[in-house]
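Q: Use the sequences and the hints to build the structure in full.
These are the residues of each chain, in order.
There are 2 protein chains.
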Amino acid sequence: MDKHELETTTNLSPKFDNNGLIPCITTSAKTGKVLMFAYMNQQAIDKTLETKEVHYWSRSRSSLWHKGASSGMVQKLVEMRIDCDQDCIWVTVEMQPEASCHTGRQSCFYRKLERSDNGTITMSYIDDELIFDPKDVY
Amino acid sequence: MDKHELETTTNLSPKFDNNGLIPCITTSAKTGKVLMFAYMNQQAIDKTLETKEVHYWSRSRSSLWHKGASSGMVQKLVEMRIDCDQDCIWVTVEMQPEASCHTGRQSCFYRKLERSDNGTITMSYIDDELIFDPKDVY
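Read top to bottom, the protein sequences are chains A and B.
Quick note, the first sequence lines up with residues 6 to 143 if you use our numbering.
Quick note, the second sequence lines up with residues 6 to 143 if you use our numbering.
It is worth saying that the hints were derived from the structure and are not from the lab.
Among the clues, some could well be false.
[Claimed, not checked] Cross-link-like lysine-lysine pairs, in silico, DSS-like; alpha carbons within 25 Å at most:
| hint | chain 1 | residue 1 | chain 2 | residue 2 |
| --- | --- | --- | --- | --- |
| 1 | A | K8 | A | K57 |
| 2 | B | K20 | A | K38 |
| 3 | B | K35 | A | K38 |
A: Next up, the structure:
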């Protein structure tokens, strides 16, 4: 497909990278917050749509990753979208409790970046409440 | 830095890929919607924090990309975060009008994916209102 066709078609044609993966953004249906960022392959896309529970591809384990399968904190799929050039997926999810980060936090994005007056970049914690203790879960 | 240090430090240490890039998720401060997905390099991170206007790295043009510089639809930075393992950036932005996709739409994610009963995946348009006509802008 050329660029224009990719942007207008309703035929799915995900642009996988050399490893067969496509980036996936996961947000909370409740709060709109970005919970995590991971990768899917074709199998993960299929499984997610089929089971309505989000599956990723674990790059560290080189295997399909049914998020929450062991902890019980699965991500229920509310909606899946793909972007204009079909090289990124966005899933909206519900989960209970809402804790997507392996550190025990709601979101993996618990540190913000700012620039101080002298030009250095500082990081500080934000939204960093622990929803669960990783020691209890993993 | 080892994994634990990456997750807990307040020293910025982005994990750039082989091309010196890190993925960046952009959401609307107003609606929480994912507007777009792109990449940053160190220079784009620095410029974004310095100018409070979002800069990316354009992979197609191989150059720093000050989003909206030519169209006037710049993305004002509200907040920048980084994830647990420091391999993804999340920026929250304000822009007027809110139109981040080069197709003229608010968001690049204007098609949703669903699975029909016979197992095929279907795509359909959603939130696909044109905020501007690309012909007028580019």
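Q: Evaluate each hint against the coordinates.
A: Okay, the hints, checked on the actual structure:
1. Note on K8/A and K57/A: the hinted pairing is violated, with a Cα-Cα distance of about 30 Å set against a maximum of 25 Å.
2. A threshold of 25 Å between alpha carbons decides the hint, and for K20/B with K38/A the separation of about 22 Å falls inside it, so the pair holds.
3. Under the criterion of a C-alpha separation no larger than 25 Å, the hint pairing K35/B with K38/A is consistent with the structure, at around 12 Å.
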